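Undergrad: Starting from the known structure of chain A, fit chain B onto it as the hints suggest.
Number of protein chains: 2
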Amino acid sequence: MSDERERSRRGVLRTAAGVTLGAGIAAGVPAGTAAAATAGKGEGEGEARKPGPVEVAVLLYEGFTALDAVGPYESLCRVPGVQVTMVAVKAGPVLTDTRDMEIVATKSLRQVPRPDVMVIPGGGGAGMYAVLENTRILDWVRRAHRHTLWTTSVCAGAAILGKAGLMRGVPATTHWALRDYLKEVGAIDTPGRFVESGKIITAAGISAGIDMGLYLASRLSDERVGRALELALEYDPEPPFGTGSPGKTDAGTRTLALKLLADAAP
Amino acid sequence: MSDERERSRRGVLRTAAGVTLGAGIAAGVPAGTAAAATAGKGEGEGEARKPGPVEVAVLLYEGFTALDAVGPYESLCRVPGVQVTMVAVKAGPVLTDTRDMEIVATKSLRQVPRPDVMVIPGGGGAGMYAVLENTRILDWVRRAHRHTLWTTSVCAGAAILGKAGLMRGVPATTHWALRDYLKEVGAIDTPGRFVESGKIITAAGISAGIDMGLYLASRLSDERVGRALELALEYDPEPPFGTGSPGKTDAGTRTLALKLLADAAP
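Protein chains in written order, with the UniProt record's numbering: chain A, 1 to 266; chain B, 1 to 266.
The shape of chain A in the complex, shown without the other chains (with noise of 0.2 Å):
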């Protein structure tokens, strides 16, 4: 089991692109931005980005689940070197899949054509069903994505990913409840808690994306940065029942769980 654990936290382990979590934190390099090109460089396409901060652009959609995308948020936004801005269609107040909260954002797609670093989260309801056929949003993120260093998403949003055409053949992993979808938009459904492939770094359900961001935040700058930011966030959990995956419940819970997120959503 604490080898299971250990192959299921260096998930990234099990994927093609062959670059394994340990061996990418060993690489660590330099921090700032020039290093996070580097770093980007490193892992596909390498091509001269602008001078100034690492832009890393989270998007928002009417839909979106809160902690997909503040869970990258919080890890990413203390990297030196790094600017971290909450896009969506329209600039402005974003209303989550719960409709309770609503985060701003700062900019539109159209400011922010070409990030760094693109955060896709996952969302729930109408609003999830609406932005697999939102063609700016795909078009947006279709384009954005020949520019990238990193490409991430967190739980659902490796649909949009795979909608927008950029997950055949890659390895990749989401939501629990949603890897057969995974599978119809070609990827290939791949244990663990993040999974990267090339460029492309895809996060399991919800939670995920502090795991997910912290490992990138080590990407964009070093693994001091990475060790030193995940304490800054005491991330030392302690989930109190132990149920936080499929195969650690049973159908009952796993039939409540998919109700809890449809009533909230609908």
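Simulated from the structure, these hints should not be mistaken for lab results. Some clues are possibly wrong.
Only part of the chain A face toward chain B is listed, based on derived beta-carbon distances under 7 Å [unchecked claim]:
id : residue
1  : Arg78
2  : Val84
3  : Glu102
4  : Trp176
5  : Arg193
6  : Ile206
7  : Ala208
8  : Asp211
9  : Leu214
10 : Tyr235
11 : Pro239
12 : Gly244
13 : Ser245
14 : Thr249
15 : Leu260
On a predicted model such as this, the values are computed, not experimentally measured, just so you know. For every residue, glycine included, the Cβ atom is placed at its ideal position computed from N, Cα and C.
TA: Same frame as chain A, now just chain B:
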């Protein structure tokens, strides 16, 4: 160590309240608002509450830490019979500690004088110091606490409860870097991912609000709902570095963590 972790996970065992996490969950009350009221009465201030959904007010103020607020929000917003509302001195967008994200407060403090549950997030830099001198906020916290079923904090939020005079003799926790301040306001510094003492629950740093939120979800509903929400959020964490608490790291990492926190929230 696994014993220590277990005791730590159930940090509430070490509080004066005598309500253990295990017992609290075992006691699990049926879902819904009446149940929550009952649970609240079980915890102390047992006055009849108004009919309607259980209102959870998450306090926002300029300089709050996003995940401190969003962790509990995400854990509670799908609990049957519960309504989570973001509140601030004035309704409208509120800037986080790192000043690159805004969450909208949908109601003012005056509009929510008697929330059933109060969630007080921590913050950073000047904003945090300002709150500790903000009499409108401290008065609201003090008055609302008289009627809450649960009064909770995440990270430095415990300092706000302390400044409001609610922590004298109360076993409590906070961000690892702030535990001395807790003693200054008369709290009993108590290890634990979160610490329950009567109707006051304090969580450790930033990410600990998720652990506390899921536990609180079970107390506002029942254990089945808590277990299902932990699965819904796929809260099966695998911190990439294993450096999430001071005892698991070194002085250099602690110094860098404090520097990154300070630099990001001047």
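Undergrad: Look at each hint and say if it fits the structure.
TA: Each hint tested on the structure:
1. This hint holds: Arg78/A has a C-beta 4 Å from the nearest C-beta of chain B, less than the 7 Å allowed.
2. The beta carbon of Val84/A is positioned within 7 Å of a beta carbon in chain B (closest approach about 6 Å), and the interface hint is therefore held.
3. The closest approach between the C-beta of Glu102/A and any C-beta of chain B is roughly 4 Å, which is under the 7 Å cut-off, so the hint is satisfied.
4. Given the 7 Å rule on beta carbons, the hint for Trp176/A holds: about 6 Å separates it from the nearest Cβ of chain B.
5. Among the interface hints, the one on Arg193/A holds; its C-beta lies about 4 Å from the nearest C-beta in chain B, closer than the 7 Å criterion.
6. Hint on Ile206/A holds. Least Cβ distance to chain B is approximately 4 Å, under the 7 Å limit.
7. A hinted interface residue such as Ala208/A counts as satisfied when its beta carbon comes closer than 7 Å to some beta carbon of chain B; here the least separation is about 6 Å, so the hint holds.
8. With a cut of 7 Å, the hint placing Asp211/A at the interface with chain B holds, because the nearest CB-to-CB distance is about 6 Å.
9. Residue-level restraint check for Leu214/A holds (minimum Cβ-Cβ distance to chain B is 5 Å; threshold 7 Å).
10. With its C-beta approaching chain B no nearer than about 4 Å, Tyr235/A sits inside the 7 Å limit, and its interface hint holds.
11. Annotation: interface hint on Pro239/A holds; nearest CB of chain B at approximately 5 Å, less than 7 Å.
12. For Gly244/A, the suggested interface contact is upheld, since its CB lies about 3 Å from the closest CB of chain B, less than 7 Å.
13. For the restraint placing Ser245/A at the interface with chain B, the shortest Cβ-Cβ distance is roughly 4 Å, inside the 7 Å limit, so the hint holds.
14. Taking 7 Å as the C-beta cut-off, the interface hint given for Thr249/A holds, the closest approach to chain B being about 6 Å.
15. Taking 7 Å as the C-beta cut-off, the interface hint given for Leu260/A holds, the closest approach to chain B being about 5 Å.
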